[in-house]
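Asks: Those protein sequence lines, which keep their order, are chains H and Z.
FYI, the numbering for the first sequence is 572 to 686, going by the numbering used here.
FYI, the numbering for the second sequence is 187 to 301, going by the numbering used here.
Honestly, the hints are just simulated from the structure, not real lab data.
Take the hints with a grain of salt, since some may be wrong.
Claimed, not checked - In the DSS-like style, the derived pairs of lysine-lysine whose C-alpha atoms are separated by at most 27 angstroms in a straight line are: (1) K243(Z) x K678(H); (2) K640(H) x K678(H); (3) K629(H) x K243(Z); (4) K620(H) x K639(H); (5) K681(H) x K264(Z); (6) K640(H) x K620(H); (7) K629(H) x K681(H); (8) K639(H) x K228(Z); (9) K264(Z) x K243(Z); (10) K640(H) x K629(H); (11) K269(Z) x K678(H); (12) K620(H) x K264(Z).
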Amino acid sequence: AQSVTQLGSHVSVSEGALVLLRCNYSSSVPPYLFWYVQYPNQGLQLLLKYTTGATLVKGINGFEAEFKKSETSFHLTKPSAHMSDAAEYFCAVSEDGGSQGNLIFGKGTKLSVKP
Amino acid sequence: EPEVTQTPSHQVTQMGQEVILRCVPISNHLYFYWYRQILGQKVEFLVSFYNNEISEKSEIFDDQFSVERPDGSNFTLKIRSTKLEDSAMYFCASSEESGGSYEQYFGPGTRLTVT
Numbered sequence: 572a573q574s575v576t577q578l579g580s581h582v583s584v585s586e587g588a589l590v591l592l593r594c595n596y597s598s599s600v601p602p603y604l605f606w607y608v609q610y611p612n613q614g615l616q617l618l619l620k621y622t623t624g625a626t627l628v629k630g631i632n633g634f635e636a637e638f639k640k641s642e643t644s645f646h647l648t649k650p651s652a653h654m655s656d657a658a659e660y661f662c663a664v665s666e667d668g669g670s671q672g673n674l675i676f677g678k679g680t681k682l683s684v685k686p
Numbered sequence: 187e188p189e190v191t192q193t194p195s196h197q198v199t200q201m202g203q204e205v206i207l208r209c210v211p212i213s214n215h216l217y218f219y220w221y222r223q224i225l226g227q228k229v230e231f232l233v234s235f236y237n238n239e240i241s242e243k244s245e246i247f248d249d250q251f252s253v254e255r256p257d258g259s260n261f262t263l264k265i266r267s268t269k270l271e272d273s274a275m276y277f278c279a280s281s282e283e284s285g286g287s288y289e290q291y292f293g294p295g296t297r298l299t300v301t
């Protein structure tokens with residue numbers, strides 16, 4: 572069965588510092604991987620996704636993630652944190668193969684950015 | 187930009203009562219989903235819906251739950267007899283196509299509190 576593990580329920584960084592949010596997955600078939608962000612009182616917004624091709628994926632707001640099959644990881648990074656990045660981030664996996672594409676989510680990581 | 191909307195934003199109900207959560211998916215989308223997030227836990231898939239029938243459902247989606255697309259715009263989740271453990275944030279999502287690689291667009295959620 573598929574699963575997603577996000578290490579760290581809460582990450583705090585200073586403004587301008589590197590953001591690293593960790594995500595590991597398990598899947599019996601090549602996965603599709605997603606990062607979603609949730610700002611307070613809003614829905615989940617797609618940051619980026621990996622389906623096939625280039626393993627380094629660039630998303631919105633300066634975020635990127637790298638699919639590493641050997642490590643079963645899809646960590647999210649941003650070189651320089653901004654106050655507006657404070658939100659909750661969810662990693663998710665979906666399988667192909669005729670599935671309707673229901674997403675399996677991690678527990679989420681709340682990112683705080685200190686001035 | 188088109189978005190998924192959900193009403194109400196917060197619903198309080200007594201145990202044993204029926205509730206209907208409403209969603210308006212993006213107008214040209216054909217695939218619809220419900221997820222829920224119990225406080226402090228993962229976002230969990232409940233059900234997917236296409237062409238007026240359920241495509242997939244999780245083990246959470248038991249006989250107490252039902253979904254419907256009563257007209258050309260609304261997509262509803264009904265819980266027949268609510269239990270305390272149904273208290274959660276419920277997210278509706280829609281996508282243009284099916285399959286794991288397609289982006290699902292999420293609404294802001296309905297917080298259901300069962301007392």
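Asks: Compare the distance between the alpha carbons of K620(H) and K264(Z) with 27 angstroms, and conclude whether the hinted pair is satisfied.
Replies: violated (31 angstroms)
Asks: So if I understand the rule, the pair passes when the alpha-carbon distance is 27 angstroms or less; does K269(Z) with K678(H) pass?
Replies: holds (23 angstroms)
Asks: Next pair to validate is K639(H) with K228(Z); report whether the Cα-Cα distance is within 27 angstroms.
Replies: holds (23 angstroms)
Asks: Take the C-alpha atoms of K264(Z) and K243(Z), compute the straight-line distance between them, and say whether it is at most 27 angstroms.
Replies: Holds: K264(Z) and K243(Z) sit about 14 angstroms apart, inside 27 angstroms.
Asks: Tell me if the straight-line CA distance from K681(H) to K264(Z) falls inside 27 angstroms.
Replies: Violated, at about 30 angstroms.
Asks: Between the alpha carbons of K629(H) and K681(H), is the straight-line distance 27 angstroms or under?
Replies: At roughly 21 angstroms apart (the allowed maximum being 27 angstroms), K681(H) and K629(H) satisfy the hint.
Asks: Can the restraint linking K629(H) and K243(Z) be considered satisfied, given a maximum Cα separation of 27 angstroms?
Replies: Cα-Cα ~32 angstroms, so violated.
Asks: Does the structure keep K620(H) and K639(H) at a Cα separation of 27 angstroms or less?
Replies: With a Cα-Cα distance of about 13 angstroms, the restraint between K620(H) and K639(H) holds, given a limit of 27 angstroms.
Asks: Taken at face value, is the distance from the CA of K629(H) to the CA of K640(H) at most 27 angstroms?
Replies: holds (17 angstroms)
Asks: Is it true that the CA of K243(Z) sits at most 27 angstroms from the CA of K678(H)?
Replies: holds (20 angstroms)
Asks: Is K640(H) close enough to K678(H), meaning Cα to Cα at most 27 angstroms?
Replies: The hint holds at about 21 angstroms.
Asks: Please verify whether K640(H) and K620(H) have alpha carbons no more than 27 angstroms apart.
Replies: holds (15 angstroms)
Hint compliance for this structure: hints 3, 5, 12 are broken, all remaining hints hold.
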